[in-house]
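So the protein sequences, as listed, match chains U and Y. Quick note: the working numbering has the first sequence finishing at residue 220, numbered continuously throughout. Quick note: the working numbering has the second sequence finishing at residue 439, numbered continuously throughout.
These are computed hints drawn from the structure, not numbers from a lab. All C-beta atoms, glycine included, are put in the ideal place defined by N, C-alpha and C. Do not rely on the hints blindly, as some may be mistaken.
[Unchecked claim] FRET-style restraints, in silico, Cβ to Cβ:
#: 1; chain 1: U; residue 1: LYS19; chain 2: Y; residue 2: SER229; range: 56 to 66 Å
#: 2; chain 1: Y; residue 1: LYS290; chain 2: U; residue 2: SER23; range: 34 to 44 Å
#: 3; chain 1: U; residue 1: PHE111; chain 2: Y; residue 2: ASP401; range: 49 to 59 Å
#: 4; chain 1: Y; residue 1: PRO434; chain 2: U; residue 2: LEU107; range: 30 to 40 Å
#: 5; chain 1: Y; residue 1: HIS287; chain 2: U; residue 2: LEU134; range: 39 to 49 Å
[Said to hold, decoys possible] Simulated crosslink set (BS3-like; lysine-lysine; CA at most 27 Å straight-line):
#: 6; chain 1: U; residue 1: LYS219; chain 2: Y; residue 2: LYS290
#: 7; chain 1: U; residue 1: LYS219; chain 2: Y; residue 2: LYS371
#: 8; chain 1: Y; residue 1: LYS428; chain 2: U; residue 2: LYS219
#: 9; chain 1: U; residue 1: LYS219; chain 2: Y; residue 2: LYS234
#: 10; chain 1: Y; residue 1: LYS428; chain 2: Y; residue 2: LYS222
#: 11; chain 1: U; residue 1: LYS219; chain 2: Y; residue 2: LYS236
#: 12; chain 1: Y; residue 1: LYS371; chain 2: Y; residue 2: LYS428
#: 13; chain 1: Y; residue 1: LYS236; chain 2: Y; residue 2: LYS428
#: 14; chain 1: Y; residue 1: LYS256; chain 2: Y; residue 2: LYS236
#: 15; chain 1: Y; residue 1: LYS338; chain 2: Y; residue 2: LYS256
#: 16; chain 1: Y; residue 1: LYS290; chain 2: Y; residue 2: LYS428
#: 17; chain 1: Y; residue 1: LYS338; chain 2: Y; residue 2: LYS400
#: 18; chain 1: Y; residue 1: LYS256; chain 2: Y; residue 2: LYS234
#: 19; chain 1: Y; residue 1: LYS400; chain 2: Y; residue 2: LYS222
#: 20; chain 1: Y; residue 1: LYS290; chain 2: U; residue 2: LYS9
#: 21; chain 1: Y; residue 1: LYS371; chain 2: Y; residue 2: LYS338
#: 22; chain 1: Y; residue 1: LYS428; chain 2: Y; residue 2: LYS256
#: 23; chain 1: U; residue 1: LYS9; chain 2: U; residue 2: LYS19
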Amino acid sequence: MASLWALIKKDLIQEWRSKDIISAMLAFAVLTLFIFNYALSLSPQAQASIATGIVWVLVVFAGTLGINRSFSAEQDQDCFDALLLGAPDLSLVYLAKMLSNFLIMALLALFLLPVYSLLYNYSLFNGLFVGLILLGAWAYSAMATLLAGLSVQTRMRDMLLPVLLFPLLMPVNIAVVKAGAGILEGLPFADFSIWFTLLAAYAVIITTISSMVFEYVIKE
Amino acid sequence: MKLEVRGLSKRFGKTKVLNSAEFSLQSGEIIGLLGKNGAGKTTLLRLLAGVSRAESGVFYLDGQPWHASKNENRRMIAMLAHQPWLYENLTAIENLRFYDQLYHCQLGETALRQLLAKVGLEANARQVVRGFSRGMKQRLAIARCLLHQPKILLMDEPFTGLDDDGSQMLLQVLQEERAKDHIILASTHELSQLGTIADGYLRVEAGKVLAESPTEVLA
Chain U
1 MASLWALIKK
11 DLIQEWRSKD
21 IISAMLAFAV
31 LTLFIFNYAL
41 SLSPQAQASI
51 ATGIVWVLVV
61 FAGTLGINRS
71 FSAEQDQDCF
81 DALLLGAPDL
91 SLVYLAKMLS
101 NFLIMALLAL
111 FLLPVYSLLY
121 NYSLFNGLFV
131 GLILLGAWAY
141 SAMATLLAGL
151 SVQTRMRDML
161 LPVLLFPLLM
171 PVNIAVVKAG
181 AGILEGLPFA
191 DFSIWFTLLA
201 AYAVIITTIS
211 SMVFEYVIKE
Chain Y
221 MKLEVRGLSK
231 RFGKTKVLNS
241 AEFSLQSGEI
251 IGLLGKNGAG
261 KTTLLRLLAG
271 VSRAESGVFY
281 LDGQPWHASK
291 NENRRMIAML
301 AHQPWLYENL
311 TAIENLRFYD
321 QLYHCQLGET
331 ALRQLLAKVG
341 LEANARQVVR
351 GFSRGMKQRL
361 AIARCLLHQP
371 KILLMDEPFT
381 GLDDDGSQML
391 LQVLQEERAK
401 DHIILASTHE
411 LSQLGTIADG
421 YLRVEAGKVL
431 AESPTEVLA
């Protein structure tokens, strides 16, 4: 646990000092939200079915922008090798990076919700909805962190991550949008609980598999 | 402690950098690793450290099969590479604290500061590494290597970027590690520094690793 915490703390301190990732993600998300605001004028009924899609698209695209850079400190100074030598278990390196990415994604999502509510005059402050977005962010981080570890070692890293990631994220995207629409339309939980189950299963399975294979992904 | 390497091979594409290389390293000795540019010195160090995969080859530590990449063995090794393996947005002391926690050394603040003092960076403990010169980064990387008291010390051009004081400090460190009966292998092109303390040499040439005595090398 001490090693895991050290790895997470190292990532968060670095991000706090450089603000490389979060500033790019926030700028992209807010600007895109403004564009959506001008492009779409939504009735309250349409809001319920479309709001989740807009928020989730922003989280995914802005997240990809940030996660693409999440291994840059390791890549720039060859610190991957230091982790290969020093980490007691290489799955910890994955888990720490995944949790750091999740925290940054959660911060982005929690920032976006009030901004969206303000711009569209439509409140997204619903406990279940926030929980859904955070569960989606976990599923997203689990897959994106593994693929970022893979793509960062290639010359095409900026292009490769979205190309690999977006098809594999389809179950997450569908589950978040379907469940989110159900929540905002006020449907009974039983009507959309299957999407929560799918999302949770995806997050757990991908986190488990990724922590097992990460060693082979980052080793030469 | 004796580390024996048998049949070590590595290729990059069609180029075979190491071809069934065989050699051994004895603890309590400082061994210089020589060879022309591109001969395979860095590759050899990375293979020994377990951060690169060999095409073939086996390691024996005191006669027992040994795998550098195994969890319990990785921590016996420290490597000083071309890149210092430091996080640029962390301060010097934060970098050491990070590696201290990663290795479960639990050295504490005083011991970490002593380590910084040993490499001459005590006054720079709270400075972010991004602002360090190449030599300062190299000093901090040396401290990082010593942090978990490794039994096998692998160094790739360790004198790079160091000034005269830094070079003297490194020579002192290497002699202390030799006195602790550790295995030390350091690649170098510059024999004026390492040549003063080396007990022997290995030369990488045409994919093979050949042992040479100090008298042969310095002649």
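Each hint tested on the structure:
1. U:LYS19 <-> Y:SER229: 56 to 66 Å: For LYS19 of chain U and SER229 of chain Y the Cβ distance comes to about 46 Å; the hint is violated.
2. Y:LYS290 <-> U:SER23: 34 to 44 Å: Hint holds: Cβ distance 41 Å, inside 34 to 44 Å.
3. U:PHE111 <-> Y:ASP401: 49 to 59 Å: With Cβ atoms ~56 Å apart, the hint holds.
4. Y:PRO434 <-> U:LEU107: 30 to 40 Å: violated, 58 Å
5. Y:HIS287 <-> U:LEU134: 39 to 49 Å: holds, 40 Å
6. U:LYS219 <-> Y:LYS290: With Cα atoms ~13 Å apart, LYS219 of chain U and LYS290 of chain Y stay inside 27 Å; holds.
7. U:LYS219 <-> Y:LYS371: With Cα atoms ~23 Å apart, LYS219 of chain U and LYS371 of chain Y stay inside 27 Å; holds.
8. Y:LYS428 <-> U:LYS219: holds, 25 Å
9. U:LYS219 <-> Y:LYS234: holds, 21 Å
10. Y:LYS428 <-> Y:LYS222: holds, 20 Å
11. U:LYS219 <-> Y:LYS236: holds, 20 Å
12. Y:LYS371 <-> Y:LYS428: This hinted pair holds, its Cα atoms lying about 25 Å apart.
13. Y:LYS236 <-> Y:LYS428: holds, 10 Å
14. Y:LYS256 <-> Y:LYS236: Within the cut-off at roughly 15 Å; holds.
15. Y:LYS338 <-> Y:LYS256: Violated: LYS338 of chain Y and LYS256 of chain Y sit about 32 Å apart, past 27 Å.
16. Y:LYS290 <-> Y:LYS428: holds, 26 Å
17. Y:LYS338 <-> Y:LYS400: holds, 17 Å
18. Y:LYS256 <-> Y:LYS234: The hint holds at about 19 Å.
19. Y:LYS400 <-> Y:LYS222: holds, 14 Å
20. Y:LYS290 <-> U:LYS9: It holds: about 26 Å lies between the C-alpha atoms, which stays within 27 Å.
21. Y:LYS371 <-> Y:LYS338: Judged against 27 Å, a Cα distance of about 19 Å means the pair holds.
22. Y:LYS428 <-> Y:LYS256: Given that 27 Å is the threshold and the Cα spacing comes to 13 Å, the pair holds.
23. U:LYS9 <-> U:LYS19: holds, 15 Å
When each numbered hint is compared with the structure, violations occur for hints 1, 4, 15.
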